[in-house]
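Each chain, letter by letter, is given below.
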Amino acid sequence: AQELSEKELLKMEVEQLKKEVKNPRVLISKTGKEIKDYVEAEAGNDPLLKGVPEDKNPFKEKGGCVIS
Amino acid sequence: MCDQTFLVNVFGSCDKCFKQRALRPVFKKSQQLSYCSMCAEIMATDGLHENQTLASLKTEAESLKGKLEEERAKLHDVELHQVAERVEALGQFVMKTRRTLKGHGNKVLCMDWCKDKRRIVSSSQDGKVIVWDSFTTNKEHAVTMPCTWVMACAYAPSGCAIACGGLDNKCSVYPLTFDKNENMAAKKKSVAMHTNYLSACSFTNSDMQILTASGDGTCALWDVESGQLLQSFHGHGADVLCLDLAPSETGNTFVSGGCDKKAMVWDMRSGQCVQAFETHESDINSVRYYPSGDAFASGSDDATCRLYDLRADREVAIYSKESIIFGASSVDFSLSGRLLFAGYNDYTINVWDVLKGSRVSILFGHENRVSTLRVSPDGTAFCSGSWDHTLRVRA
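Protein sequence lines, in the order shown, are assigned to chains S and X.
Oh and the first sequence: position 52 is 52 in full-length UniProt numbering, straight run, nothing missing.
Oh and the second sequence: position 178 is 178 in full-length UniProt numbering, straight run, nothing missing.
Looking at chain S on its own, in the form it has when it is part of the complex:
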């Protein structure tokens, strides 16, 4: 990018901005809800979130066998 003149860099920036202005967008009330719904659906499977009983935790204190 260093080889281009200031004018050429600006032209690229203007072209890029023109494209970005046209991007489709969705209301946060909708997308935010979808993020929340995703979390609630997956929360049950999230070991760091709900914790894992010591005997099922592969990182429990050393000692005993780990069969993988």
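In case anyone wonders, no lab produced these hints; they're calculated from the structure.
Keep in mind it's a predicted model, so treat the numbers as computed, not measured.
Check the hints yourself; a few may be wrong.
Pairs of lysine-lysine, DSS-like flavour, derived with a Cα cap of 25 angstroms [as the list claims (entries may be wrong)]:
1. S/Lys50 - X/Lys115
2. S/Lys56 - X/Lys117
3. S/Lys7 - S/Lys19
4. X/Lys262 - X/Lys58
5. S/Lys11 - X/Lys65
Rough simulated footprint, nothing fancy, chain X against chain S, three-plus residues with beta-carbon under 8 angstroms [what the hints assert, rightly or not]:
6. 7 to 18
7. 32 to 40
8. 48 to 57
Even glycine gets a Cβ: it sits at the ideal position worked out from N, Cα and C.
Since the structure of chain S is provided, determine the placement of chain X on it from the hints.
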């Protein structure tokens, strides 16, 4: 004797139109040329046009940025934490350090998990790249790079190779072998070549392609076998410090963050930037996609982490506290995306409630900056690497 001063004209061939004319000296890019008066006039007005076009381009860019802000503001009808008001608050977390991986001789700069959820590759300022079994803490492989500051490392999806690079400006792939007689360094394959340091690398869905980010301001996609450049991504105005690939279900995009304070989302096939976000106030050290692929988080030297919603096309949350004044170096989500783990330069790890925007836990233990942090592929643990030469696995 006359006191008159007059312009001395040389008669000859104009350096521009080559016609035989009275010539006068002109300066173009500090080189002296001889132009006829006609060409000298044209050059003067060309310069004027040049400046006008530059100014009008700048104005156009500014007004487009304003329009972009306007369009984005239209979608900002509510805050994320308001949407999540009814969600149950999180309780206390107990996350203990289960393993401490010791062996690096200097700052740990980067780490990555293997898909088998137990192996870890880490790289250090001392030039060493080590593969660990995190269950036993045994070192399974070690290779010494020809450079110090190995800032990037990644595990191949198959688990059969690792990639790394740093001040050597390259990304090299090492196949992992269990043959004691084989010298890992002998099988090294140089894949990527940048003109400045390698800051981040990641395999795509297969062992065949690698995506890299560099201090030269670009990202690039390479074919591992041939070393061929498949696509390059230009647009950052300064060093690119981090990248993350979208979860495979959501298509061929990746996000990058740089010293220009911008986070940019790219289409891997076309090389085009799809969306860009510039709300951070300093370098973006880390970017990570939200598990669903609809958003991504960033960690920055401005001491904040932020969440950007890709479909609303704007920042939707800031994770910060007045008491946190040191930069965030690395971020990652828990499996469900409810928790955001962030490692900071003040040696701590803060755990944020992604939906509500509040901090749920602060983890101590490292004795220097936390430089890298990743949650394991099945979400059972996360590993942090630090300038204190160690890695810690917590669960």
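Evaluated hints:
| no. | hint | in the structure |
| --- | --- | --- |
| 1 | S/Lys50 - X/Lys115 | holds (22 angstroms) |
| 2 | S/Lys56 - X/Lys117 | holds (14 angstroms) |
| 3 | S/Lys7 - S/Lys19 | holds (19 angstroms) |
| 4 | X/Lys262 - X/Lys58 | holds (19 angstroms) |
| 5 | S/Lys11 - X/Lys65 | holds (14 angstroms) |
| 6 | 7 to 18 | holds (count 8) |
| 7 | 32 to 40 | holds (count 8) |
| 8 | 48 to 57 | holds (count 5) |
In summary, the structure agrees with every hint in the numbered list given earlier.
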